[in-house]
Amino acid sequence: MPRVVLTTQRRVFEVNLFIWPVRVYYEDTDSGGVVYYANYLKFMERARTEWLRSFGIELDALGREAGIMFVVRRVNIDYHRPARFNDLLQVRTRLAQTGRASMVFEQKIRREQDSEQDLLCAGHIKVACVAIDSLKPRPVPRSILTEIFDDS
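In our numbering, the protein residues as written are 1 to 152.
What the hints contain is simulated information worked out from the structure, not anything from laboratory work. Please note that a few of the clues may not be correct.
With a Cα cut of at most 25 Å, we get these calculated PhoX-like pairs of lysine-lysine [said to hold, decoys possible]:
#: 1; residue 1: Lys42; residue 2: Lys126
#: 2; residue 1: Lys108; residue 2: Lys126
#: 3; residue 1: Lys136; residue 2: Lys126
#: 4; residue 1: Lys108; residue 2: Lys42
Derived Cβ-Cβ restraints for the label pairs, each shown as a range [as the list claims (entries may be wrong)]:
#: 5; residue 1: Ser115; residue 2: Glu65; range: 38 to 46 Å
#: 6; residue 1: Asp133; residue 2: Phe85; range: 37 to 45 Å
#: 7; residue 1: Asp30; residue 2: Glu112; range: 20 to 28 Å
#: 8; residue 1: Arg73; residue 2: Arg53; range: 15 to 23 Å
#: 9; residue 1: Ser143; residue 2: Gln97; range: 17 to 25 Å
#: 10; residue 1: Leu17; residue 2: His80; range: 18 to 26 Å
Heads up, the beta-carbon is just placed ideally off N, CA and C, and yes, glycines get one too.
Could you put the whole structure together from the sequences, leaning on the hints where they help?
Written as structure tokens, this is what we have:
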């Protein structure tokens with residue numbers, strides 16, 4: 001699996017590329033028969049959730065046990081080509097940057113059978129870690145960072 005090397009103020013680390021398959025259903029398309037633009041954000045959200053789940057991190061448990069949740073702070077997305085009903089897509093997710101109370105993800109969506117150059121859309125999504133009760137920023141728990149960056 002491809003790896004990307006990232007740097008932070010504290011250390012250099014490697015994070016694997018995570019790929020999540022998504023099938024386009026009729027409900028995902030607009031009147032023109034292509035995926036409605038906002039649904040790409042839903043596909044990306046699912047992939048980030050599954051990325052965390054792949055580390056054994058469940059969002060509902062974070063809320064109950066740590067009193068935190070992740071909220072989208074910023075989205076920058078570019079649309080290149082349309083996806084259509086019944087396409088099998090790949091949502092590729094990489095952690096691009098971490099901050100004290102945030103994570104930035106690079107996400108790309110393409111059809112499963114297409115080459116790397118046949119990009120449908122690409123985005124950078126910044127998520128903030130906040131307290132559930134106050135919605136104020138909270139540091140990303142060390143346990144999460146440890147799980148993500150554990151080399152074993």
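Quick rundown of the hints versus the structure:
Annotation: proposed proximity of Lys42 to Lys126 holds, straight-line Cα distance about 15 Å (limit 25 Å). As the CA atoms of Lys108 and Lys126 are separated by approximately 14 Å, the hinted pair is consistent with the 25 Å bound. Restraint check for Lys136 and Lys126: the C-alpha separation of about 16 Å stays at or below 25 Å, so the hint holds. Pair hint Lys108 plus Lys42 holds up; C-alpha atoms about 13 Å apart against a cutoff of 25 Å.
The hinted range of 38 to 46 Å is satisfied by Ser115 and Glu65, whose Cβ atoms lie roughly 42 Å apart. In this structure, Asp133 and Phe85 meet the distance hint of 37 to 45 Å, their C-beta atoms being roughly 42 Å apart. Taking the beta carbon of each, Asp30 and Glu112 are about 22 Å apart, inside 20 to 28 Å as hinted. Restraint check, Arg73 to Arg53: a C-beta distance of roughly 21 Å satisfies the suggested window 15 to 23 Å.
Between Ser143 and Gln97 the beta carbon distance is about 19 Å. The supplied range of 17 to 25 Å therefore holds. Taking 18 to 26 Å as the suggested C-beta distance range, the pair Leu17 and His80 conforms, at roughly 19 Å.
Going through the hint list in order, the structure satisfies each hint without exception.
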